[in-house]
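*Asks:* Below are the chains, spelled out letter by letter.
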Amino acid sequence: MLEQIAEQIPLFFGYHNVIFILQAAGRTLGMTFAGCSVGFAFGFLIAVLRQTTGPVLFLPRLLGIAYVEIFRRIPFLVILFIVLFVIEPLMPGTSLFGIATVSVCLLSTAFLSEIIRSGLESVPMQQIEGAKVLNLNGLQTLFMVILPQSWKVILPPAAAFVVMFIKDTSLASQLGVIEMTFAGEMLVNRGFSPVLGFGVVLVCYFAMSYPLSRLAIRLEKRLEAS
Amino acid sequence: MKHLEIRGLSSAYGSVRVLRDVSLDAGKGEVVSLIGPSGSGKSTLLRVLIGLTPPTAGEVSIAGEKVNYRNRRSVKAVRDRMSIVFQQYNLFQNMTVLRNVTVAPIKIKKRPRAEAEEDAMSLLERVGMAERKDAYPDELSGGQQQRVAIARALATNPEILLLDEVTSALDPERVNEVLDTIRALTSEGITMLIVSHEMAFVREVSTRIAMMDEGRIVECGSPARIFDSPTKARTRDFVSKILKH
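Sequences listed follow chains A and B, in order.
Heads up: the first sequence is residues 780 to 1005, going by our numbering.
Heads up: the second sequence is residues 751 to 995, going by our numbering.
One or more of the hints may lead you astray.
Stated by the list, open to error - Straight-line alpha carbon distances no greater than 27 Å define the calculated DSS-like cross-link-like pairs of lysine-lysine that follow:
1) B/K860 with B/K816
2) B/K826 with B/K778
3) A/K911 with B/K816
4) B/K859 with A/K911
5) B/K826 with B/K860
6) B/K816 with B/K883
7) A/K911 with B/K860
8) B/K778 with B/K859
9) B/K883 with A/K1000
10) A/K1000 with A/K911
11) B/K857 with B/K826
12) B/K860 with B/K752
13) B/K778 with B/K816
14) A/K911 with B/K857
15) B/K991 with A/K911
16) A/K946 with A/K911
17) B/K752 with A/K946
18) B/K752 with B/K857
19) A/K931 with B/K826
20) B/K859 with B/K826
21) B/K982 with A/K911
22) B/K859 with B/K883
23) B/K752 with B/K982
24) B/K752 with A/K931
25) B/K857 with B/K883
26) A/K946 with A/K931
27) A/K931 with A/K911
If you are wondering where the hints come from, they were derived from the structure by calculation, not from laboratory data.
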């Protein structure tokens, strides 16, 4: 086996293969970051919505809770297929990458919303009452008092979630998105050694997620210091 | 006309009635202290006044103007004239001392930053915290934090200052620095409502003292009357227990 691998290495790391692998890695990162960024934005909105009280926003609040509770309980693969079968007839010609990214958005919105919510709720009530009695309004309180104090609670689990999602996007290979895992499979089907093919895939996943984890740890330390 | 007038004020948390028909008033510049056992409604009274806990009945007027606690505008107007200092965790943890004191003047009263900072510095000077203007709250002792909290409460130029057990969470040796700060304020014409367990201090600075129990004002009078010749058994009992220590 080792002989076979040694023999295949020059061919495997040929120009076209390397480009192919990099493109696949790009799709994996693209799905993850585009999806999670949008998910963070929507998750933030839902989390803030859930902090409101009073009858005016009752329905949106209820919908927000329902969304989070439902989507956190659906496996990613199932979401992928639902999105595929909903979008396909509505907007024919949508790329599989687009469909997978939308799926990441849907799922990460639900999970990140919960992470953000627990961050917002970690700020002591006295801080919020302190803002109220100074006549700061809701948005001022949120952006000047609550959020700056929540980052250190939000960031570690949010970063862990994104790192985890880099791996989970491999499920999009089931749809036919040529991301990291599917690329490995294709190379193996072309006759390359599975150990070599998936070995490279493994290293790529590590190379994508490790720096992000390090970055998160550094940010966390900086937040703690402040 | 009384500066602060409270008539028949009641409040409840769910079915628990925490304030029952409380009436109390304070003239301009008067220092009225509320004493009584824990859970007697002292803090709730202050929370209702500043609009954090809704009243279920009764009336509050400031300088003759009736307050409508169901109306946001009216509550904002109250908070414009009234400040409160809580027991602890007052200061915004993510802001420096100076920023804590200037945030309301700049963001709410729309005053120019330079001017607000100048005023804030003189307030911090008064509470003896000027040299720590760039510190964050968690770098300060509890007593220092409370002194800054008092400066922040004064930064909006309130006519009425509410102090809710501001020394209860402090180390004993930090209590006096905060009491000294409050003592210095009592001669400045700000009407004050003080909730405190520091009986010697209360007796010294108050013009009147109200004894509360089970959501009611049991007795109200001059410090000498409340401490030396209370008429109600409940007051006598409370005062004698407290003064024994």
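*Asks:* None of the hints should be skipped; say for each whether it holds.
*Replies:* Against the structure, the hints:
For the given pair, B/K860 sits about 26 Å from B/K816 by alpha-carbon distance, which is consistent with the 27 Å threshold. A distance of roughly 21 Å separates the Cα atoms of B/K826 and B/K778; the hinted pair therefore holds under the 27 Å criterion. Between the alpha carbons of A/K911 and B/K816 the distance comes to roughly 21 Å, so the proposed pair stays at or under 27 Å and holds. At roughly 14 Å between alpha-carbon atoms, B/K859 and A/K911 fall within 27 Å of each other, so this suggested pair holds.
Taking the CA atoms of B/K826 and B/K860, the gap is about 15 Å. The hint holds against a cut of 27 Å. Distance hint between B/K816 and B/K883 is unfulfilled; the C-alpha atoms sit about 38 Å from each other, more than 27 Å. Distance hint between A/K911 and B/K860 is fulfilled; the C-alpha atoms sit about 17 Å from each other, no more than 27 Å. At most 27 Å may separate the alpha-carbon atoms for a hinted pair to count; B/K778 and B/K859 meet this at roughly 23 Å.
Taken as a hint, the B/K883 and A/K1000 pair is honoured in the structure, with Cα atoms around 24 Å apart against an allowance of 27 Å. About 30 Å separates the Cα atoms of A/K1000 and A/K911, which puts this hinted pair outside 27 Å; it is violated. Annotation: proposed proximity of B/K857 to B/K826 holds, straight-line Cα distance about 14 Å (limit 27 Å). A hinted pair counts as satisfied when its Cα atoms are at most 27 Å apart, and B/K860 with B/K752 does not qualify at roughly 30 Å.
Taking the CA atoms of B/K778 and B/K816, the gap is about 16 Å. The hint holds against a cut of 27 Å. Distance hint between A/K911 and B/K857 is fulfilled; the C-alpha atoms sit about 13 Å from each other, no more than 27 Å. With a CA separation close to 37 Å, the supplied pair B/K991 and A/K911 exceeds the 27 Å bound. For the proposed pair A/K946 and A/K911, the alpha carbon gap of about 43 Å is over 27 Å, so the pair is violated.
Between B/K752 and A/K946 the alpha-carbon distance is near 69 Å, which puts this suggested pair outside the 27 Å criterion. Our distance criterion of 27 Å between C-alpha atoms is broken by B/K752 and B/K857, whose separation comes to about 31 Å. Only pairs whose Cα atoms come within 27 Å are accepted, and A/K931 paired with B/K826 is rejected, the gap being roughly 32 Å. The suggested pairing of B/K859 with B/K826 holds, with an alpha-carbon distance near 12 Å, which does not exceed 27 Å.
Under the criterion of a C-alpha separation no larger than 27 Å, the hint pairing B/K982 with A/K911 is inconsistent with the structure, at around 38 Å. Restraint check for B/K859 and B/K883: satisfied, since their Cα atoms lie roughly 21 Å apart, inside the 27 Å limit. Under the criterion of a C-alpha separation no larger than 27 Å, the hint pairing B/K752 with B/K982 is consistent with the structure, at around 26 Å. With a C-alpha separation of about 48 Å, the suggested pairing of B/K752 with A/K931 is violated against the 27 Å cut-off.
The straight-line distance between the Cα atoms of B/K857 and B/K883 is roughly 19 Å, inside the 27 Å bound, and the hint therefore holds. For a cut-off of 27 Å, the pair hint linking A/K946 to A/K931 stands: about 24 Å separates their Cα positions. In summary, the hint linking A/K931 to A/K911 is supported, as the alpha carbons are separated by about 23 Å, within the 27 Å threshold.
Hint check: violations occur at hints 6, 10, 12, 15, 16, 17, 18, 19, 21, 24; the rest are consistent with the structure.
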